[in-house]
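Protein chains in written order, with the numbering used here: chain A, 1 to 528; chain B, 1 to 102.
Bear in mind the hints are in silico, worked out from the structure with no lab data behind them.
Predicted model only: the values in this text are computed from it and were never measured.
Check before you lean on any hint, since a few could be wrong.
Pairwise CB distance ranges, derived in the manner of DEER restraints [to be verified]:
# : chain 1 : residue 1 : chain 2 : residue 2 : range
1 : A       : 426       : B       : 71        : 32 to 38 Å
2 : B       : 83        : A       : 363       : 50 to 56 Å
3 : B       : 53        : A       : 422       : 15 to 21 Å
4 : A       : 231       : B       : 51        : 44 to 50 Å
5 : B       : 83        : A       : 412       : 37 to 43 Å
Examples of chain A residues lying across from chain B (beta carbon under 8 Å, computed) [as the list claims (entries may be wrong)]:
#  : residue
6  : 403
7  : 406
8  : 410
9  : 413
10 : 414
11 : 427
12 : 431
13 : 434
14 : 435
15 : 491
16 : 492
17 : 495
18 : 498
Think of the CB as a built atom: it goes at the ideal place given N, C-alpha and C, for glycine as much as any other residue.
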Amino acid sequence: MLVVTGISILTISLVYFNDSAGMIIRRIGQEQVALDRNAELLGVMLRQGQTLDSVKEVAMAPWRDGTGDYFVTEKPASSPSISNDTIQLTASVSYANRSFTVGENLSKMEILRPLKQTFFNFISIAVGMLLAMFFAIRYTIKAVSGPEIERQRQLAAELAVAQQVQSGMLPDTSSDRAPACVETGILFKSSKEVGGDFYSYMAVGTKLHFIIADVSGKGVPAALYMAIASKLYASMTSDDLRPAEIAIKLNEALCSHNPTSMFITAMICRLDMVTGELELCNAGHSAPLLVSAGGNVSQVEGDHNLPLGIMSGYEFEQYMARMEQGDHILLYTDGVTEAENKAGEQLGVKPLFAITSKHANESPQQVVDLVNQYIRDFTKGRERTDDITMLDIRYVKPPKSYVLHIRPELTELAKVFELATEANIPDTTRLALEEAVVNIINHAAASAIEITCQDMGEVQIINITDDGKPFNPVQYNPPETNDEELKVGGRGIMLMKSLMDKITYNRENKRNILSLTKQDTTRHNTNR
Amino acid sequence: MKFLYKTDRTPDSITLHLAGRLDTLSAEGLENEVKAILNAPAKKIEVDLSSLSYISSSGLRCLVELLKGSRATGAEMSVTGVQRSIREIFDLTGLSKIFGLQ
Chain A
1 MLVVTGISIL TISLVYFNDS AGMIIRRIGQ EQVALDRNAE LLGVMLRQGQ
51 TLDSVKEVAM APWRDGTGDY FVTEKPASSP SISNDTIQLT ASVSYANRSF
101 TVGENLSKME ILRPLKQTFF NFISIAVGML LAMFFAIRYT IKAVSGPEIE
151 RQRQLAAELA VAQQVQSGML PDTSSDRAPA CVETGILFKS SKEVGGDFYS
201 YMAVGTKLHF IIADVSGKGV PAALYMAIAS KLYASMTSDD LRPAEIAIKL
251 NEALCSHNPT SMFITAMICR LDMVTGELEL CNAGHSAPLL VSAGGNVSQV
301 EGDHNLPLGI MSGYEFEQYM ARMEQGDHIL LYTDGVTEAE NKAGEQLGVK
351 PLFAITSKHA NESPQQVVDL VNQYIRDFTK GRERTDDITM LDIRYVKPPK
401 SYVLHIRPEL TELAKVFELA TEANIPDTTR LALEEAVVNI INHAAASAIE
451 ITCQDMGEVQ IINITDDGKP FNPVQYNPPE TNDEELKVGG RGIMLMKSLM
501 DKITYNRENK RNILSLTKQD TTRHNTNR
Chain B
1 MKFLYKTDRT PDSITLHLAG RLDTLSAEGL ENEVKAILNA PAKKIEVDLS
51 SLSYISSSGL RCLVELLKGS RATGAEMSVT GVQRSIREIF DLTGLSKIFG
101 LQ
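For reference, chain B alone in the conformation it holds in the complex (with noise of 0.2 Å):
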């Protein structure tokens, strides 16, 4: 399955939905993205990553991006509907406890 994003924003709150395959190819359209919701970000930033089916390291760093950039504006970055594939590179990669995941 090719990579999707969508972006969903309410006044208090963007969700960022994840699909598909992140590779690296695919990460590029999304850095852009990430350079967008950061430009007006919201009090909550929520990662739905249900839909998501590969992560290579590439999306990781977006992801990182995110992170970083959503805590320089006071911003409180969450990551949902991680599956067990993607968990486990989160666990690799030592990004789990970062990212809150229980």
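One chain only, chain A, in its complex shape (with noise of 0.2 Å):
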């Protein structure tokens, strides 16, 4: 019976939200903006009951073209077209340069189109699934709980599923652990039920990979835009490329299907947490914070980029800062320093410098728990209107690091156990360690070979260069023998492969150089 009803109410939906997108979006009462070019014309479609005041503030969202200038609205139109039960208007923008433009050139009246069948890319398949299946619950929630249920209750019901998808789409402190090497603090508030934000972090090697990003509107689509953008930057990440090959790939795969003219403002960043080196790619978003652990608060400004997803082909340039032991970095979006008091004044950026220097030796989640407190004292009495999410990144310490050199001999395997008992590297990881060198030692012909093991805590990464024949063991394939069972060679490299989280190999000036990496829970932050 619930795989009937799945079966069947993933078709609807699909159908549903194929053909009739514009129903939901009006059914949410979610603003689309437009910009016309031409006409310098920007279209807002409202939900019944807003006043014509928010228009002003969907132009105020952070929408900044290259040079880093805002779009300013000037008066909305006092005459807007009421039909059914939406709201359509139009208000005159003024904007620094005139070549930018946003999306495609639409009109006025092109912001009530149904979504285009385009948007059904592979990944939005997916997303789509996820709808199904929280449509699915709605209505099998429905059938067990008898006849008719009120709409805005289905409604509730369903947003409340969407927010669970949504947040487990997002890592948490609690599962999701950073490396020993940093610590982490999160704000996620959507100021609908499902939100636009996102933020992510994840180590990839002695590289910790985050990310915080701001999807133009707000509600459902937004977060169905978020849900795409999060996962390929996800996959992009794994890789480990440098942030702004990270914010190219990440554009050019949001202007491929991009039928509603969302974009994206982000800051995307790497940190190296060997040498305390961080990579930054601003995509139209605010800079960060970097505060010492002596409480001096900068902000780490530097190239500025359009948003993704706005012209394919742009090429996105990063720039550098450093972190030293104890410093923090602070990501936010503008849902923060927009937040507006009653007076309508917004909150700025100065309480963030006052309240990160004055606890620089809190953790991160103290500091981002801080700021939002000050927030709500700040925005008391006034509905918020914008998501509002942080990330506080800390960098503690760099991982504890071991290095040995041995000549390519059998004997001189005794100091590599020696290494290994001295790092503490355990039995599986050690074997891997073994397979690997014994391998080098017998096949590669090398004059020398540096092993380097770095430490976080629950993750190791251990390096092994030599300077022998080429040779990518994780591309090897023993090969066949007649007597297939009993064959006596080719399991040392299975075993390494098969005992690794992560093995990558890579040929760097007549050098191969091996990384194994493992995750160990067991050993959860030994080294601090």
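Two chains, two frames, a set of hints: combine them into the complex.
Encoded structure:
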């Protein structure tokens, strides 16, 4: 019964989503904004009941061009046309750079068109499945709880599930522990049930990738776009790309399927946890705050780029900063700095400087909580209109490092075992290390081997470098023999691959560099 | 713990006890012992791994050599006392079935 319901609802929701996307937008009351380049007009669709004042607010959203200028709304139109449950109106806008466009050259009416089929690329099918899932849940609830359920309640239940689905996509500090080299603090608050902000952090080797991003618009459409973007981001970080490369790839992916002209502002970062070197790529976002352990605060400014999803072929630039041990970096979305008080004044960035400076020695989560408390007090008596997201990261210390140089002889293995004992390397990793080194000694004709071990608590990374013949064990398949079961060799590499979480091979400067990564939760933060 | 081995012989059977860490270095000594066993095999050859805590592919190679040799002489070889961590290595390399581990 449940399965039948699930399948039929899957079909229904795909059709529903595909053909009547405009309906969803109306039902959720989501603002959609479009720019008409020629007429310099901003078109907005609002749910009835919202006041004209909120048009100003939409236009004040973080729309920036390549020079960092904001688009500014002048007076909203005084005579909106009202039909059914929506209000359409236009307001004139001025922007600094005339050649800049947001998406296609949209007319003010086109914002009401349904989403096109092209929206259904391979990723959004997955999102469609998620939608289908919670539609299925919703209808199943309906089936067991009797006849008619009030539409409002259905919608609320639906959004509650959507909220769960969305928060499941984001890392959280309890289950997604960062390596012992860093600490993280998070605030994630949507103004609606689901939001268009997202953040992520992920260690790849000795690098920590992190991002904060803000999708144009709010509610379900923004959340869907966020889901796509965050999955794309996750797949790119696992390849350990530079932030600018991630931005370029994300931008191309988002531009290729973007019929609704949504875009994303983002701060994309990569921290080298060994050196403290920080690479940043700013895609139309607010620059983060760097807070020294002594309480000095600076905004880490550098190259500004377009937001993601606007112009295909755009070359993103990145810039560098350095984090010392004990430094915080605070990333935030403009929901923080543009939070308004009763009098309509914005919070701005100054309170962030003051709070982070005063509490530079607190944990990231405490810092974020203190800022959140300040925002709550500041905005008392006024409804929150934008998503608020913060990600604070403290660089605690570099990983513990071990280095060993050996000659390519089997007797030298004793030194490798000593290193393993000294670095407290568990047996599974030790076995992979032994197999890798023995393989080099026996086959590479190298003159020297270097072994480094970076201990980050739960995660250990071992790099083995030799100057021998090029050999990529990651792609090695043992030659087939007649007696496959009782073959004598070829098991070492197989073992190495199955015992490690990740193995990468690079050939650089006539050297083979093999990197073994193992996550071991039983070693939780042993080097703290 | 260092690697240690001991061979017990009765007229019908040979029991090879392995203890400690069997890595590439310690496997060299075991190779000779395997040859010695195969030079004078018995009907039953048992390898007792109950005190073995670590094995690398070089160690596995010795056991595979012993198994091949026993089959050639018609001896019946078995592996006993396999601990969980060692069993994992047998499983990963696809050797569990060949050594008749349940």
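For each hint, the structure was consulted:
1. A:426 to B:71: 32 to 38 Å: holds (35 Å)
2. B:83 to A:363: 50 to 56 Å: The hinted range 50 to 56 Å is violated for residue 83 (chain B) and residue 363 (chain A), with Cβ atoms some 41 Å apart.
3. B:53 to A:422: 15 to 21 Å: holds (19 Å)
4. A:231 to B:51: 44 to 50 Å: holds (49 Å)
5. B:83 to A:412: 37 to 43 Å: violated (29 Å)
6. 403: violated (22 Å)
7. 406: Where the cut-off is 8 Å and the nearest Cβ of chain B is about 13 Å from residue 406 (chain A), the hint is violated.
8. 410: Cβ of residue 410 (chain A) sits 6 Å from chain B, so the hint holds.
9. 413: Nearest chain B Cβ about 5 Å off; hint holds.
10. 414: holds (7 Å)
11. 427: holds (6 Å)
12. 431: For residue 431 (chain A), the interface hint holds, since the closest Cβ of chain B sits about 6 Å away, which is under 8 Å.
13. 434: With a closest approach of 5 Å, the residue 434 (chain A) hint holds.
14. 435: holds (6 Å)
15. 491: holds (4 Å)
16. 492: At about 4 Å, which falls below the 8 Å cut-off, the nearest Cβ of chain B leaves the hint on residue 492 (chain A) intact, so it holds.
17. 495: Holds. Min distance 6 Å.
18. 498: Holds: closest Cβ of chain B sits about 5 Å from residue 498 (chain A), inside 8 Å.
Hints 2, 5, 6, 7 from the earlier list are contradicted by this structure; the remaining hints agree with it.
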